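**Q** Residue strings, one per chain:
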Amino acid sequence: MSRIAPNQMTDDLLRPLLHTTWKFYAGVAVLGSIVLAGLGAWFYQVYMGLGITGDNWPVFWGFHETNFVFWIGISHAGTLISAILRMVDATWRRPVTRCAEAITAFALMIGALFPLIHLGRPWLAWWLIPYPSERMIWPNFRSPLAWDFFAINTYLTSSLLFLFLPMLPDLAVVRDKTTGLRSKIYGLLSLGWQGTPKQWHRLEMAMHIMAIAIIPIAVSVHTIVSFDFSMAVVPMWHSTIFGPYFVAGAIFSGIAALIIAMALLRKILHLEAYLEPIHFNNLGKLLFTMSLLWGYFVFNERLTTWYGNETHEMAAFWITQTGRYAPLFWTMVFCNFILPFPFLAIRKLRTITGCVIASCGVVVGMWLERFLIIVPSLSTKPITYSWGRYMPQWPEITIMIGSIAAMVLLYVLFSKFVPLISMWEMKVGEHPEVKEAASVAAAQEAGELL
Amino acid sequence: MDRRQFIKLGAATSATATLAGCGNPENQLIRFIPEDDLIPGISVWKPSICPLCSAGCGVLVRIMEGEAEVIRNGQLGLIKMGLAKKLEGNPQHPVNQGKLCVRGQAALQVTYHPDRIANPLKRSGERGSGQFQEISWDDAIAELVSQMNALAAANDQKSLGFLTRPLRGQRQRLVAEFLSRFGAPAALDFEVLGEDVMRRANARSFGYDQLSTFDLAQSRYVLTLGADFLGTWNSPVSQSVGYGEMRQGRPGIRATFVQVEPRMSQTGANADEWVPIKPGTEGVLALGLAHVIMAARLFPAAAAGRAGAQVAGWANGLPAYTPQEVERITGIAAARVERLAREFAEQRPSVAIIGGAPLAHTNGTFNALAVNALNALVGSIGQPGGVYFTPRANVGGAQAGTAQAGRTIDKVAAEILATERSPIQLLMLGEANPVFGTPPAWRVKEALAKIPYIVSFGNFLDETSSLSDLILPDHSFLESWVDDVPESGAMVAVASLAPPAMRPLHQTRAMPDVLLDLGRRLTPAIELPWQNYQAMLQAAFSTLPAPPAPAGEEPADVWRTAQAQGGWWGEVAARPAAAAAQGQAPAAYTEAQFDGAAAEYPYHFLPYASQQFLDGSLAHLPWLQELPDVLTSAMWSSWVEINTQTASQLGIVQGDLVEVGSGQGTLRAPVFVSPAIAPDVIAMPVGQGHETFTRYASGRGANPISILAPVLEAETGSLAWAATRVRVSKVDGDGGLILFGGSLREHSEEHR
Amino acid sequence: MQESSTATTTNGPAKWGMAVDLDRCTGCEACVTACHAENNIPTVGANQAAAGRAMHWIRIERYFEGEFPDVHVKFRPVLCQHCDNAPCEPVCPTYASSHTDEGLNAQVYNRCIGTRYCANACNYNVRFFNWFNPIWEKPLHLQLNPDVSLREVSVMEKCTFCVQRIKEAKIDAKRDARPLADGDVKPACVQSCTANALVFGDLNDPESAVSRLSRSPRGTKLLGDLGTQPKITYLQREG
Amino acid sequence: MRKWFILLLTTVAALGLGWGFFGENGFLRGQSNTGAARAQTSPIFTTAHSSVGEAVRHFFGIRSEAQQPIAYTHKAHLDRSITCDTCHTGVNTGPQARIPDIRDCMECHEFVAMDKPVIQQITAMWERGEDIPWQRVYGFTDEAHVRFNHAPHIRADVECSMCHGDVAQMTVAERVVDHTMGFCVNCHTQRGASNDCLTCHN
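Protein sequence lines correspond, in order, to chains F, R, Y and S. Using my numbering, the first residue of the first sequence is number 100, and each one after it goes up by one. Using my numbering, the first residue of the second sequence is number 444, and each one after it goes up by one. Using my numbering, the first residue of the third sequence is number 513, and each one after it goes up by one. Using my numbering, the first residue of the fourth sequence is number 2, and each one after it goes up by one.
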């Protein structure tokens, strides 16, 4: 890791904030129109009814729910990188943390929209809020969907905090580097950060608490998302493995998304000096671990079902193994396991390109995994007379593309307003003498450095 | 604010209220003073009669207050009126005993159909173009009167024709009287899947020219040849009620039920044993059973009496029908024939039922006579658990003659086409649709087009009524006085009767009243003794015996009681069986003839009455269109059923589009691959394939009748609709088969 | 149906249930149309039916068994089983799907927000969703039963055991100060059933026709091993 | 070498996906129980509201006040010791209270108060064969899915005024009681009536 002078670093990392090219506007325009198309499709769906989607009897859930689980899964990137690595004090995490936390926040925002999008009557979603009324009816706390509501809200709140807290020193830098209205806005956002030892101390404390707290929250969120399925007696849903399986899958897809995002940022924002091959190498190793873990879970899930040979389960089993959904199933296995294996296991191939290819495979594969959990099971429920099938229609495809564009757009805008690499953490990392900044003096020094 | 101002204000708000009207255009319509006294939210149950098939089930109509758009004095407005909301079976009615079938339930939609003809119409475009303009009733009647007067003036009354589906009760009597007094020939009736063969056979075997009634509730063994008696044939509700009792109505006794047919019908699906048979050989099986029974001396040949005498070789114990011979002809193993025969003779009361396709072969009458003789042999005629003939109530004195014997639509069409000037100059059209329901070779549409003037009483524009020049729409059955004399299905005599259940929704008039009105306006007028149809019914029903009254009470007024309970029913003196006609040779087996060489057309084509649409006359009801067919689960579709093996030989899978070709034409429909049909049979439901029949049925699916050959049943001359052979080939294109059900089969372990 | 003089309202709430005699059922489907007429079930049309949106609160399932010529067919009317331990109920986040005192699985349309979770959880696939807002082409709207509300777009609906008829019978009985007798309540499907295969009544009354049939040795529950405790008993065919 | 390897794997993935979606047995193709599944709208379906504005009004429960065509004064009639169910018949026997039609008015006003302009207005309508287009003052929205039955409430001695206000003191009837669900639930709770959802909704 080459040493970069603090000033150089500030300039590099603030460049996107202070200089805007036409490419940015073009990008925002393109992404914005895709997002608007997605929103338009959603409003059309609200206006007409869910009939314009491909959902039907008996496959009442399709793309919307797939995307919901997919995005919530992606959101697990930040948790792992930031919280776990922060707790074990893995220093290589420093340039990666904010990218990861931003992915968490944005993926969660988009993911949390999908339960609303999938609702037939989204204008009544406020009935999930437990407010007292003279009608004396409460939300049904037995429903996994109600749990979702609380879990996702908790996770969203805490990950926004988790993103925002360590941003304070950097926002203060931007405040000081800019003038006029911008300075005032950043001033408000930085909550009066002055870099006093007391503030540093409190920030460190807060980050430690958050890091500890957010890990169980993240684990519980995806476990609860898995409960949406595993609580129902539907073939291949009613499974004890779903909690950890979903969490592992979430982290898996989260890391993949992070690798892709980092590679793009590195290219577009010229952060080659900050996001180095070592980061990709390390994340690649993590991804490889998760790929193996995922493969282990899939094997377990499939083997136990097959061995159990329960009539209703077998219908859903065979339709994915050899039936209508088999091509998608085997593509998923290929994308999640076979494709990443050489790129991540062989050191020579675990380059930035190699990691990105593996990650692309994983993102596609994990989307397919969610689809294959939802649709085949619903189309082969126990009563064979009611077997059916599902085919997505343009509104849900548009909404899905819109959600991907929204993710990119949020990221692009974020990169415009906040340095995507945590400057102060980088500086602390680059200058080991401030690393043990527990003392007031050290903290002061750090403050001066900024 | 003084009072005057207050009222002014009231008037002003009234104006704005009617204009603004919550944005609901209905509120801009004026409201008429209600004509009914109904309390909203409270239902009144009124009797009526289901008109959709010939079973004649009694229904109860649930009437509730509602708001309907109607025209009063030429103005459109809203009125609160009693509206029919639901039809249920009439629990007192002897035929259906409180039950109602799927079609009867849907009969409600006849009245409320969006494409119902609401006004008299006069043709405004080319004939058959479907272009009509509304005219007033006065103009419409005047036009018809002038047409009829012209016939009378030219002394050409004979060229007035009346084409209708078979009428019963006083409607039939009125039409007959009207025609005979005008000097016109009797009405020509037409039914797609008529039962003339069965009536003829019953007349020969037992002396009753009517369909049979079965006492299934007490049967121990039921053997059916082709008759879909639980679904579409004869009196399905009455038979279903009996079936339920026959299965589980008697503690410890459960009847055995065997169904013999090449394609499993809804009825066959309920059988304990389903026996596929070679089409057209059903009578041979019946005689084979009789042979075994007689050979085993379980019953003597003489036991069959008159019915046996109708079958050649009966008295000698039917030596030509040994089980081996039966196996050769029918394809049913000899051992099975013997077993069935013994079961049939030993598990009594037993009954054999024949109907549907077996009677629609060239040898249909033979098949029916054979089964009649078999029933007679085991003593099932007029015995509990056997075959009965519903006594006929003598309503209104002697029945006027039925339709002209032997004068069928094919002969009339040929006559019209053969002559320069059509022998029918003015055709009155009841609710018959022969253009849809006859083989193309009869050229009925062409013939009808040659008739100079056609007036229709139909409620809907279909293939036939769209050819008419004038349409005088009838009330729906719920809006008119209705009566009926069911031919079968009840053990007692029944004369159903009901007053209108609700006021007319549209500008329609009851056909009988139009005829009576017409008669008075003609020059010279037709003197019919009734002011209106109600008066005619009253006169007729007053002749029926009053039900026995409790001691000391006045006997109830028959007319009033009949109106209240939906008809009159009771015991009447049994009609003596008609004497056997002389000179009729006993029936002998002749091989059924099929149109089309077996080499070129390898498959038997078996059309069948669809569970939803019967003969196609109900395809306009959306409830029935969306009803999944019980065996295929198809909705809004037509399809052809092909045996699993045959399909795989032809490379056909479920839903593929195929072309079915006969010597008469081709049709295209998707395939339903079924394990429950013989490999050499292609079955297809009748009902879809309408060119013109409301928004729900037009242009949907294919009509199997359109490829039928004009083969006739040998004795009665009625259409042998099961006597066509076809070939099948897969063609490209979207089959468009819409199925409700997913898998055809269940998980084997499931539902222990 | 047999008349029984036993009182059912005197000993606490009823527990409504049904017995389906598969030996009587002929597959005639009268129940299906009767249900459409009684409960204002929308007709979705050919396109929607093709897309899997047809609504039939009660359906006759048909299963082929064996191959030609030894082929058999099994009919089974399937409607909401009104499970005592219904999978659809706990999953609804708003209590739109809930259990009543009388053991009905209620679907409260106004409370439904359209998650469709209940339909996924239901093993019997007897829940139907209003993918669009249904309209009735005039004057077909005049056929609508005023006792049953019209479900709008994005609302789940299902068999109610004709709760409007149950309510009416109870109100009438209370007005006349008499207990509800067995056979007073007949859902539309039961009333139309041509072969008397469907029997409805109070399972809490041991003498009611439905209770007696439910105790039959032929009685089974549909997917009974899932523990849903359905209140419909299927009496298997004999022979 | 590496490039070729990458290209190969990407192609395999793409082909797999393509096969999955569009292949012979792909989930976007092939025969199904629902035939060629098409999800376009059918002409017999419509959106629930005719305009977005109407939808918003429904959401917030905004309903326009009833504006009566005739300024009927309940007070004037009830003062003459006519009771509610004289005109609103059916209220104690069935689910709905009948809104009287012009025949009910003319029963008296063929003889009574003939000189008043409003009565003359009614008489003119009567002669034209028209009914008075009364507007409903109360009543639930379709979305409420309430099936209210008057008779059991009357039999339980619930006063008319409990739900309809003191109409006897009103001129033109106004909506003075808000029929919210809370209103119903409170009364049901107090009187020990069932609060089961299906008691009111079906």
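Hints were generated in silico from the structure; no laboratory data involved. Heads up, some of the hints might be wrong.
Some but not every residue of chain S turned toward chain R, in silico, with C-beta under 7 angstroms [stated by the list, open to error]:
#1 95
#2 97
#3 101
#4 128
All values derive from a computational prediction rather than experimental measurement. In this text, a Cβ means the ideal position worked out from N, Cα and C, and glycines have one as well.
**Q** Against each hint, give a clear statement of whether it holds in the structure.
**A** Here is what the structure says about each hint:
Satisfaction of the interface hint for residue 95(S) is found here, the shortest Cβ-Cβ separation to chain R being roughly 4 angstroms, below the 7 angstroms cut-off. Interface hint at residue 97(S): satisfied, since its Cβ lies 4 angstroms from the closest Cβ of chain R, which is below the 7 angstroms cut-off. At about 11 angstroms, the closest approach between the beta carbon of residue 101(S) and any beta carbon in chain R exceeds 7 angstroms, and the interface hint on this residue is violated. At its closest, the beta carbon of residue 128(S) sits 10 angstroms from a beta carbon of chain R; the interface hint therefore is violated under the 7 angstroms criterion.
Hint check: violations occur at hints 3 and 4; the rest are consistent with the structure.
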